[in-house]
Amino acid sequence: MRPDSRPQAGAIPRSRLPFSRFLNEVVHGIGARPLRVALTIAGTVLGTATLVAVLGLTTSTQGQVSERFSFLRATEIELVPNGGAFGVGGFPPDADERMSRLNGVNAAGIAWQVDAVDWNSVSKTLVPGQAGTPPTGISVFAASPGLLRASRATFGQGRNVDPFCAEHRCRVALLGSVAAQRLGIGRLQPGLSIFIGGTPFLVQGIVDDMKRNTQMLGGVLVPDTTAAELWGPPASSPAWMTVDTRIGAAGVVGSQAPLALRPDNVNAYQVNLPPDPRSLQNSVGGDLSGLFLALGAITLVVGAFGIANLTTVSVMERVPEIGLRRALGARAIHVGLQFVGESGTLGLIGGLIGTPVGIAVVLLVCVQREWTALLPPALLATPLLGLSVGVVAGIYPAWRAARIEPVTALQR
Amino acid sequence: MRGVERRYPGPPEVLALRDATFEVAPGEYVAMMGPSGSGKSTLLNVIGLLVQPTGGTYRLDGVDVGNLSEPELAGIRAQWLGIVFQAFHLLSDRTAEANVAVGALYGGAQLSRAEVRDRARAALEGVGLAHRVTAFPSTMSGGERQRVAIARALLMRPRLLLCDEPTGNLDSGSAAGVLDLFSELHAQGQTIVTITHSAEVASRAGRTLWMLDGTVSER
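Each protein sequence line maps, in turn, to chains A and B.
For the first sequence, the residue numbers in my numbering are 1 to 412.
For the second sequence, the residue numbers in my numbering are 1 to 219.
Excised from the complex, chain A in its bound form (with noise of 0.2 Å):
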């Protein structure tokens, strides 16, 4: 000590602690405590796997209802009668023409099952029982014009009953394609014929493939006018109407349809309308999921108080140590940093650990209930919700070490 030799401007050095020194001090401090600190982050571990697991099930959950949610059941209203005294089947004889005209629907159309006629009285030929015709068990329905395209009906062969006949009652067929297969009929030859209960029926065409009503591919299906002069109105199993529409008109074609079909009487029918998916979601994300997220939330809170707890009793014990590297330079902030830094390891490595615990958990749910696992990316970013949780809970015996004067600290 030179009391009187010149100033040595700029040369001062000033204390640093590089970053790559800073967490090899952490990793240090940490490794130092194995066991410790395996029970600490356990609260840590525990919360991220809890707000892991909540949100990765109610999105697989969310996932399994947009799929049940198809185009197809947006886009469908069914009608049944409160009672078929009314008109053919409860519905009046211009059914389809009125619903065709309100905004909103593509088309729409009646149908009942024939159940006046055997099960086995469809047959190729006039005799049932003959060789080459065994007893088939085809049922016969009767159709409106309207059902088959509201049906999205299409057609392998031939085309749907045209309106002249309909209208005029001729004895004319569809065959649905499990029903022809079953008769034997693979090709539609001009004036093809099936007998029921022995009346003949020209087949104008066969169907392929329908959308809804899929019931009908295994029967045969005559127009409605000419079932109800043959067979009567519906008798035991009830008509109903099926209406398919633009998407999102459902809600406003099923609060019409009633009136537009019964102006004298707007409780004739039953609606079926399909699930509003904003409703559903709205739903299963609600109640239960809340919950969880709260009790996801205190238990990180209790693994932070876990942390803070043991970064308190860490840096009493530490004291000398704390001495020790303020008197080779540590500034004071450097002593602060080395415990949130400890802190902020613990709640990430909570955090690393809990996120594949709880995506374990959606997985093992979603494998059980055979459904899709659907996680939120977001879910990624739940290993730095336990670093912040670690560095918050750092934070206050951090700066308490941070306060302890040297001095004292080397005395101890």
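Errors might be hidden in some of the hints.
[Unchecked claim] Covered stretches of chain A (in silico footprint by chain B; criterion: 3 or more residues with CB under 8 Å from a CB of chain B, positions within the stretch not fixed):
{"#": "1", "segment": "317 to 324"}
{"#": "2", "segment": "329 to 340"}
[Said to hold, decoys possible] Covered stretches of chain B, going by a simulated chain A footprint (3 or more residues, C-beta under 8 Å):
{"#": "3", "segment": "42 to 51"}
{"#": "4", "segment": "64 to 73"}
{"#": "5", "segment": "98 to 111"}
Derived by calculation from the structure, the hints in this document are not laboratory data.
Glycine is no exception: its CB is placed at the ideal position from the N, C-alpha and C atoms.
Put chain B on the given structure of chain A with help from the hints.
Chain B in isolation, oriented as in the chain A frame:
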């Protein structure tokens, strides 16, 4: 150091250092002696920049430390000063080499990891512990631990080596070895200030200062 004083605010207010004035030249080996409560520890802490004086002027290598900021004070502790404690203060979870390397943690940013390691090995060799590089403190004798602490203090080639009762926790054999090491360092030109109760320690120093009731006097 001129008229340095340090008050500890009360109650009761304590004036641990009053008008302490002395000078240590580069290359000197100075021992500070005095009874308990004479202000030796306070003086050591002031010299070691662990406590700021409440009055007077302290110049270290020409720099008035009273005007320095906290990062600068820490930087001087890291690079210009090496401190050896009575209680060694080694980190129990690290080897001798790693303990020495801690000496470069806050002042050795310009050194690469390999350079720090080489320096740490050289420093351990310098204190006669080349064979104990990978040993942990729990397996060492007191004398060996204090040598590791000295190697740590010397790692950044400090301008001043400051010792607080360096032989206080050692048996006489180990103490003699440590004192021989100080003499050797002094012979190489290292400036040393040591604070001690022991007349034996003081007898090895080139010069002895006496402390009583917070004042410093030459004999």
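Hint check:
no.: 1; hint: 317 to 324; result: holds (count 4)
no.: 2; hint: 329 to 340; result: holds (count 5)
no.: 3; hint: 42 to 51; result: holds (count 4)
no.: 4; hint: 64 to 73; result: holds (count 5)
no.: 5; hint: 98 to 111; result: holds (count 6)
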